[in-house]
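So the sequences go chain by chain: A and B. Reminder that position 131 of the first sequence reads as 131 in the working numbering, one-by-one numbering, no gaps. Reminder that position 52 of the second sequence reads as 52 in the working numbering, one-by-one numbering, no gaps.
No wet-lab data here; the hints were simulated from the structure. It cannot be assumed that every hint is accurate.
Claimed, not checked - Now the in silico label distances, taken between C-beta atoms and shown as ranges: (1) A:L160 <-> B:S273: 56 to 64 Å; (2) A:T33 <-> B:L62: 48 to 56 Å; (3) A:P130 <-> B:V277: 44 to 52 Å; (4) B:L271 <-> A:F30: 54 to 62 Å; (5) B:G249 <-> A:F30: 32 to 40 Å; (6) B:H224 <-> A:R311: 53 to 61 Å.
For every residue, glycine included, the Cβ atom is placed at its ideal position computed from N, Cα and C.
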Amino acid sequence: MTLAEVPAAPAVPAAAVPAAARARGLRKVFGSTVAVGDVEGNGIDLDVPHGAVLGMLGPNGSGKTTLIRMLLGLTRPTSGTAELLGRPMPDSAATVLPHVGALVEGPGFHPFLSGRENLRRVAASEPLLPTRDIRAAVDAALERVGLGAAADRRFRGYSLGMKQRLGLGAALLLPRRLVVLDEPTNGLDPAGTRDVRGIIADLHADGATVVVSSHLLTEVEATCTHVAVLQSGALIAAGELSSLLDADAAGLVVVTPDVDLAVSTLRAAGASAYRDGGSDGVPAVAVSDGPPAPEIVALLVRAGVAVHEARRRRPRLEELFARLTEGAP
Amino acid sequence: MTAGTGPAAGGAPATAVRAHGLPATPVGDAPATAPLGRLLAAEVRWVLRRPRTLVLLGVFALIPVLIAIGVTVADRRAGPGRGLIGAVAGNGLVLPVAAMTVSLALLLPLAVAMAAADAIAGEAAAGTLRGLLLAPVGRLRLVVMKAFGVLVVAVAAVAVLAAVGVLAGLVVVGSAQGQLVTLSGTTIGLGDALGRVALVAVWTVGQLAAVGAVALAVSALTEHPLVVLAAVLAGLIVFGVLGAIPTLGWLQPYLLTSGWSAGVDALRDPLPSDGMVTATLRALCYLVVGIGATVATMLRRDA
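Isolated chain A, as found in the complex (with noise of 0.2 Å):
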């Protein structure tokens, strides 16, 4: 796993601003089942700094809700620890929690209840929100997660779609620190994907730390600052996506209208080089394996290969998760 490498990027020091969200060891097993760390009996190690958005990715099945449970003191973990805004969790839910923004396993509302009146509900329950201050911050809701017009509809006639979108406004009655968004883009129309990306991004730009679990790369890809990559319940790859991104990055793409005479000039200097139509359809060569990147533009401006654009190969997320989960146990 040459992840395990990846460099840190200048970290905040870890004593003056804690993590937004911190896992220590943490292990979860049912039974026999290890639904949250490895087999060999450790727990899960994580952090998550503050104004991050962390995407967590894993295949269904590789713990991502049930780490996520146990971070927000749902589940107590069967060894390790968690910690929530530089608090052990579950002991200071009363004090974290109310900071805190949910959507964990679906939204879970009444069904005799209009979308209104199942808010409302939930408002009355948090410690942060006045009384006074109760309708208008449902109404904002509402707003903000497009369901305004379908608010005194009951909760039972609500497309999946909507349901979730309710779920999302019940995260978001209240200014947040933390919002934990599970699967938040589940049942959703494109429509109602972009919206929780400009939501996510609102929060980010707000300074809120996010941590959003998908199964989306696309979503994450666009939203994320970092990611946590799950596989059986252990961690195979965190850190920050652009840096997880480029450690993973092979070589240079070479954009050129001369490509027959770019390869042959590459692989003569020993460099695996082979044509990459790329998804625009402008001609272009990858190369990797060869001599570092100026060295190679060096050579194919000395060839007469018209160079348009040389830049680092970066893979989809799409790819890096796809070569981390297969090639884990």
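With chain A fixed as given, assemble chain B onto it according to the hints.
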């Protein structure tokens, strides 16, 4: 686990977290909770908006009316019947007490069990218990809130029975000059009679509180509301059978149901108090055990 320990910390620390243009409150040291009154009000609104609660209250309103009609029709055909229902004939103020006593055997405990089933197991099944614990409503407060909701259902059901019972008794059955002829043969005035109806109502709520506490304890253990209903129904049947076996007479003082006919004592003159007092003390024991078990379970429960 060798790979992917601590990720890089990136970005500047968030100094002011904002959303909706409002500053987020800094994380303090003190635990924060929503005001208890607001939680209780929300719970009562939720309980009373539930369609099944309203149907249930409608059924309880029908019971005294049905008894009144039945007694009046039977009264015209033949002489007065025997037993408590028979005593209603021509003596309307017996009706509310009769309605409460009859309902206490099965319908009232089931109604309370249903409320208790929805209170915790039902919320878990709907996925809303998670939301309450994440708000967070403290786990102890949650039990207080839920117990209050169940108590409200018990009070509402008994109040409907008593109020409709008095009305139907006076209007449909009728009574001589608004007086109550006691089972002992004496006659007491309207005010005194209403006082006795109120006494039976309060006493009945006490018995139901015991049922509700035990049902809540079951509710805290499961996420299937039906399990709670089944447990209470099974308990009632088993207690009834045990209470009917003469050789198990020594068991009687421990069975909640064995004192449930004591409400009729209110129709005697002078009022014998020992039956109702014993039943109340027994209910208190069940209440303490039930609430204790509920708290113990809820403090550990995964949601």
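Okay, the hints, checked on the actual structure:
The hinted window of 56 to 64 Å between L160 (chain A) and S273 (chain B) holds, with their beta carbons roughly 59 Å apart. The beta-carbon spacing between T33 (chain A) and L62 (chain B), approximately 51 Å, falls within the hinted interval of 48 to 56 Å. Between P130 (chain A) and V277 (chain B), the C-beta spacing of about 46 Å keeps the proposed range 44 to 52 Å intact. For L271 (chain B) and F30 (chain A), the Cβ-Cβ distance of about 57 Å falls inside the hinted range of 54 to 62 Å, so the restraint holds.
The hinted range of 32 to 40 Å is not satisfied by G249 (chain B) and F30 (chain A), whose Cβ atoms lie roughly 47 Å apart. For H224 (chain B) paired with R311 (chain A), a C-beta distance near 58 Å keeps the hint of 53 to 61 Å intact.
The structure fails hint 5 only (numbered hints given earlier).
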